[in-house]
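Engineer: Sequence:
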Amino acid sequence: MIGRLLIAVLTVFALLGLGTADAVEAEAAADYTQGVTSQATGSAQIWFKPTTPSALVDVHYLPNGGGEQDFRMTDNGGTWQQTVSGLSSGSTLEYWFTYDKGGPLHVTPHFTYTAGSGEGSGGGGGAGAGSFPIAFQNNTHGAYGDSQVYVTVLGQVTPGQWSYMKPDGTMAHISHLGATAPGHLTKNGVNYPNMSFTLSQAGSVPSPTQIRGGRIYISLGSPMYIPVSPDDQGWGGPDLRNSADPNSDVYYDWYEYTYIHGQVAFGGNTTQVDQFGFPMTSRLQQTSSGYDSTAGITLSRAQVMSQYAASVGAAFKPLQNTYRIVAPRSSNLFLAGGSQANHLQSYIDQTWSYYTTHQFTLTRLGETFTGRVSGNALTFTKNGAGPFTLAKPTSPDVVACAGALASGSDTEKQLGAEFCAAFNRGVAQNTANWYTPSAYYTSTPKNDYAGFFHTIGIDKRAYGFPYDDINDQSSVQILNNANPPTALTLGIGW
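Here the sequence shown stands for residues -23 to -1, 1 to 471, where the numbers follow mature numbering (1 follows the signal peptide of the UniProt record, and there is no 0).
Any given hint could be a false lead.
Derived lysine-lysine pairs resembling DSS-like cross-links, with alpha carbons at most 30 Å apart [said to hold, decoys possible]: (1) K369 - K359; (2) K26 - K143; (3) K294 - K359; (4) K164 - K143; (5) K390 - K359; (6) K164 - K26; (7) K26 - K78; (8) K143 - K294.
FYI, nobody ran anything at the bench for these hints, they're computed from the structure. Please read all numbers here as calculations on a predicted model, not as lab measurements.
Using the sequences plus the hints, can you model the full thing?
Structural biologist: As structure tokens, this is what we get:
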């Protein structure tokens, strides 16, 4: 699951009098979940789900600042529900609950919901100051109509709370209850929330004014099947190592971005760090700064697939299947126990042996790292400070930029990232080439997968492994200010 972040499980600790002498304060966060789901214009459904069955649940609310309304909620399979009508867009609904636990009645704190904001009070969603349009271009040349191109947007518009985007651009908190709601998805006998929309429903949407860890999945011919944890604290993305994953026979790809209006500049990218599903492009524009850049892949999918098969070495060919090309770091073949788990190990051994008898020196960006290998560790200094230690990595460490290359202090992780890039690019034994792009992927062994995508990416840019942004080689696009872009256009190829 992605994230373990509190969303709907609310800490309950205050006693709020309602003129009920035998009401007591509600208990701990695990006592219940609650929320509000937008419905038709002007209406919303308040829901309450107690951890243990309740004989009754009452909801109390103050619509549009008016007088208090009190209703006995309807029990729908353990989730109590009440529809509220007559809400004007932007108005605030204050609400709270009284519920039974087999004894004294319990009362919750007051919560608020803004009409037209989606589920709960996700915040940061929809159009407004700081927002910008995200447009989707169907470039599949008739292979998939707009009704067959699905979009699934997930991210944190409120810190610590995962939300998804509705077709109108509003953000709603993820909820496991969506798996049993009307319109839910089912695959292989398992239910999933329906968090996707098609291009025929929305060809352009407004970006939230703030979003952290944003991911825009595009899928062709099928929505994405994404489970939500029972506590609504996280969601599960596709598992490329699991052949039983519900998305294993779905064509999908994605775009990643983060943006906080006025605080964090827009940064986003297409990616092949985990897989390639089909070609995508991203055009980012900001009129005020003159920024206008396009990244991604413009070849057809058939061209990418055929050129990959003809370009990579034998070890990398099995990464390709009907639905995608899987990155080494996301394939069991290249991880511990896999048939290619030692693919880069001889190169790593040779490099470590080389720096046993030769001084290691890397100077870049005004910093100098100097050291020597003794045993299985490189002991080094940075600008004369240290010592620091970098353990000898394994081949799985290199393709995933993990383990020994992502451990220790910030300085040790910094040099680990540099070594990860150098090993993948095939230049580890000559630091003079670490910042020379023309030398990348020209010798073996190397990461053939990453090298291939750099040959077909616009301006030779790609995100082929986790630290592919070292020396500015990735497809990432970052503005130099925290103002909104004028537009982001995502091209969906085939």
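Engineer: Could you check the structure against the hints above and give me the numbers of any it violates, in ascending order?
Structural biologist: Numbers 3 and 8 - these are the hints that the structure violates, sorted from lowest upward.
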